[in-house]
Amino acid sequence: MLRSHNERLLNKRSGVELSGAEIVVQSLVDEGVEFVFGYPGGATLHIYDAIFKHDGINHILTRHEQGAAHAADGYTRSTGNTGVVLVTSGPGATNVVTGIATAHMDSIPMVIITGQVMTQLIGNDAFQEADIVGITRPCVKHNMLIKDVKNIASAIKKAFHIAETGRPGPVLVDIPKDITAEKTQYVYPKSVSMRSYQPRVKGNDRQIKRGLEMLLAAERPVIYTGGGAVLADAHKELTEFARYIGAPVTNTLMGLGAYPASDKQFLGMLGMHGTYEANMAMYEADLIFAVGARFDDRVTGDLTKFSPRARFVQIDIDPASISKNVKTDVPIVGDVKVVLLQCLEALKNLEKPEAERTSKWWQQIAQWRGENCLKFDSTSQFIKPQQVIKSLCEITGGDAIVTSDVGQHQMWAAQYYDFDKPRRWINSGGLGTMGFGLPAAMGAQFGNPDAQVACVTGDGSILMCIQELATCLQYKLPIKIICLNNRYLGMVRQWQEFFYEQRYSHTYMDSVPDFVALSESFGHVGMRIENPGDVDGALKEAFDLKDRLVFMDIVTDQGENVFPMIPAGAGHSEMVLRPEENLKPGELS
Amino acid sequence: MRRIISVLLENESGALSRVAGLFSARGYNIESLTVAATEDSTLSRLTMVTRGNDAVIEQILKQLNKLIDVVKVVDITEGAHLEREVILVKVQAKGSEARDEMMRLIEIFKGKIVDVTETTYTLEMTGDSAKISSFLEGLKNTKILETVRSGITGISRGKSALRA
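These protein sequence lines are chains G and H, in that order. In this text, residue positions in the first sequence follow our numbering: the first is 1, and each later residue adds one. In this text, residue positions in the second sequence follow our numbering: the first is 1, and each later residue adds one.
Here chain H stands alone, though its shape is the one from the complex (with noise of 0.2 Å):
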């Protein structure tokens, strides 16, 4: 099953490849890992997608935590929650009818146009892993020059935070 965990960890040199290394070292599989500080600067927060059954999400959770930098590890998949991941894809866009059809697509997607050139764009969209794939899928006959993802990042909805 998939999920997504949030890592509040100390903000020091080394603590992100503990992390990378426990996984890599423990055999489990990263789909995606965003980290970046916090309000708090000595705080880092990570998040990571990843899948396992409940035996080796449960592991990867106790392994998390024993890792000494480690402030705080929670599975956000468990309850209600936000996730958004950033894409960003730049594609060919030759000719006037193939330049209105990506319009009217990056409208239906609540996307942007932020950069043009007079045979690319490159667009950018907001949203879930579901959204971000029927986006892709959306692409399908369009040709994809390039493409990066910022990776899942993610909250819990409600008012409890997670904080040191």
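Next up, chain G with everything else stripped away, as it sits in the complex (with noise of 0.2 Å):
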């Protein structure tokens, strides 16, 4: 429907003389693009101009920019598409790096148009001035400064090929306020071809086969998935896969969702906080098969004590992520998706796993799992956080999409939500933003109209983006926040409470607003949660509220901690599971 209204907008402009600013419009309709996550100024008036000019464009203005950016993020998290993201020059371009960053840590393709201050006065410190294509470079996939009006329309093609292919993430582009005044013949490139980058899609099937060679003949063999099963949309491909195979499976926390984790051969996710079955198995395991996973420090712990007796077989479309923290036995550079197509297709001339060399594996982990290490105490007259997510997966089926902010908040609702689906489990896993949740969650109802969107979140985070209520009024989206108000900031003090002697310096919140009568104020259903027996009644009633956003002040046990937990400086066999058991404090990192 939008892609034939716009072959016929394309249609109708090709060929057209259009000002810098209307191709930077009609670029990007003519693109496909849904959404502009966006706030005005200055150097983008003329950009502004042409988008209230054109009808084929939807703009959602938010509060700041970085909402903005994150809200171009939750939205493409959660269907897949390239979000975009307008700005003007210096602060407004300033404001998004945050978002830029927390999107390309978790590689995410996002396409950022800043304004920028004439060509003329670009190096005077002028007003408004922001080197923001050096400040990015850092931070972005791929970004450029535009010159020339002729170049605004393959610039913009340029973008979203880079930031769509190989291993995605965020490209700015950068564009002069003078060149969205100047006026050029408007052709839109039906495709992109650079000598220097062409990303590498399939995989090498000799590879494929000594990876499943080794993964057939293993007899403690893990699949370790990560966020790139689910960039590659390979969570049909990697569940066929491990169920023929007939192995564990762990995903990490940004790959939750790849793969279903109400199935029998799921053990949960691994790391730091991950459950006990997952870290001994990856401890002990002869072979680690690695899908779209970067063996990241909160996932590894000490890597000397990391999977000491496996060999790796590891598959991901960026060679810089292979070897880069774990010598790799086996490199298979590729596309998850078409290299997991690829190793069903191998799998036909191997002979068939036979269950029984797995059996002894099988009954190890069945006694790990017997450790329930999930458990918590559910007696308690305080409303227990882990309670909390265990209700809301309840009463919406395990099929809302989750948002979440960063911290303790975080870690419960990865822990005890079973996300079955990919793309409904939204977190700034990389990078760790504060304030990531509410503009996230904000982006997936946009691109999920229909769907339950819910934000997890704690009265630290929360405030980091509280502006983003008024984004809501005004687009109505019908978010049901639930924030786990323990009045810390409840991750670092569980370190401050293991590991410095419970000096709690600066985490405890002295003046938590109250958040019902904040969220009447930007014209919202605001609700204050104090007994456990009112959650569950109090979660149906948000979600029956289907067309209000509804603000959830659950207040929580002060003193509980996130468990099991591997201490910085561990290794995955050395978890504490449990509060009672003492902390062996590790290296501080």
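Since the hints were derived computationally from the structure, they do not count as laboratory data. Check the hints yourself; a few may be wrong.
Said to hold, decoys possible - In the DSBU-like style, the derived pairs of lysine-lysine whose C-alpha atoms are separated by at most 30 Å in a straight line are:
| no. | chain 1 | residue 1 | chain 2 | residue 2 |
| --- | --- | --- | --- | --- |
| 1 | H | Lys72 | G | Lys147 |
| 2 | G | Lys202 | G | Lys375 |
| 3 | G | Lys327 | H | Lys66 |
| 4 | G | Lys158 | H | Lys110 |
| 5 | G | Lys202 | H | Lys72 |
| 6 | H | Lys72 | G | Lys190 |
As the list claims (entries may be wrong) - Listed below are several chain H residues computed to face chain G (Cβ distance under 10 Å; list not exhaustive):
| no. | residue |
| --- | --- |
| 7 | Ser17 |
| 8 | Ser24 |
| 9 | Ala55 |
| 10 | Gln59 |
| 11 | Asn65 |
| 12 | Val74 |
| 13 | Asp75 |
| 14 | Glu78 |
Where is the CB? At the ideal position from N, CA and C, for every residue including glycine.
Both chains are sitting in their own frames, so use the hints and assemble them into the complex.
Written out as structure tokens, the structure is:
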């Protein structure tokens, strides 16, 4: 529908003389862009005027440029379509840097268009001038400054191409104001070809065969998958592959949902706050089959103690992610989905694995599972945050899009919400950006208007982009904010309790606002929940309010900590399962 | 281990700072860096000398390849290669004995005296890093007023050529 509409407009406008500003807008329309998240300013006045005159583009006005970037990001993570951000020069551009870095760390495709001061003023310390190409160079996949109106359309096409192919990432296009006023003949390129950029998609067949033979011969295999499996939309192929092999599967924080959480082969998340069974399996494995995962430090713990007896097969689209932290025995460079399809094909010519081979392994895993590492005290007089997430999962049928901020609530959401589908769990895993959750939920709701969208947050994080409540009202976004309010910066407090002899330096939030009054002042529904018995009823009530944003201020147990935990500097076999156990202070980092 | 890495990159503004920025952001060291245009005006050729173990060098090559403006990357120290550096040194040269001694030294190293005043010589010498080191060693007893080195450039031996 959108495409055919665009094609009509494309036909109508192609070859016509347009201003740079009109070219920016028309290029986005011709690229099939559904939404632009932005905030206007001096250097983008021409572009905003072109938006005003064009009926083919949906511009979403956020209340802060950072909100625009996170909203575009949430839209992308939940739909797979590239998010677009449009902001002005100087502070408008610097305000999106956190959002760009967030997307970059998690390999999220994004195109950011920034206004720039007029060409002749560049370098003059002009009003609202910032060298945004220089500032963002380390946190974008690529960026460019446009110097000629003739290059705008091709630069935008190139930006989408680079953002979406290979290992995805944000691409920034900086356009001086005078260039948006000049005119030229408009032609939007159909395709891009670059001699310096030709990402590899298909895996090497010989390597694939070697990797599969190792996997089939292994007695203690683990399939370890990450965000790459979600980004490549490879959940179906991954599930089919893992079931055929019969090996246990663990997902990283970024990979949750790529393999169904309710499946019997699923071990849960691994890493610092992963499950006992996932981490022990990683430690004892003789073969790790990594799929779109980058052996991040939160996953591996101390590298010298990481999977000491394992050999490694690694599928990744980015050659630089292979053997970066852990030396890989069989590297396979390629798109995760394409390579898994190649694997499924190659398996037809290899002997089918016998269940016998791994039966001892599964017995061992059953023992670890018997630890029931995610159990928590459910008799407390205080609301347990874990219980809130379990109830949320139940009441939403496990099918909500859940965004989160960063901290304890993020870990509880990852641990206790069972994600059976990809693109349902949206969080800043790499950069760990507080303030991400609410704007990301907005983007997710725009992209999935009929979905239930929940933002799991804390009393610290939510204040970092609280202004976006106004955007939610303007566009009538019925997001449910689940604020696990413990009056602390809980994750930092947890580390201070364990490793700094309970010196709670600046982690107590002394004057938390009245969130009910605050959300009501923004025109939304506020609820305060203080008793464990009220949680389920309140959640149902909130989700029944289908067309309203509800801010649920849930007062939780202040002393609750996230377990299990691998203290920094420890290995997978040195987990602390419960608060009673003594934490051995590791090396702090 | 010392490596000489050659990079062909798009001759676009900012391309050099992407390469330099990569090294500082990821904590790789750069001993020297040279860059200039090639016979193809759309391409620049960059040569850098770095040190690191095999794992670090592998990451450096991969990370360089990942930069969008980078067309080709090769570690020329992997095979037979030539390396050259130009050094210009302004030294004190007072009195005929000192001046004669300097002439002999520059002849041994097949260098040139490219500028002269009544009290100074400016010397030019080209060579690989070992030759430059010995040359500087030979100047140990001479008062050096100023030194400038071009940084190492290099090319592989044989028929194969680094082209886009």
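Go through the numbered hints given earlier and state which of them the structure violates, listing their numbers in rising order.
-> Failing hints, ascending: 2, 4, 12, 13, 14.
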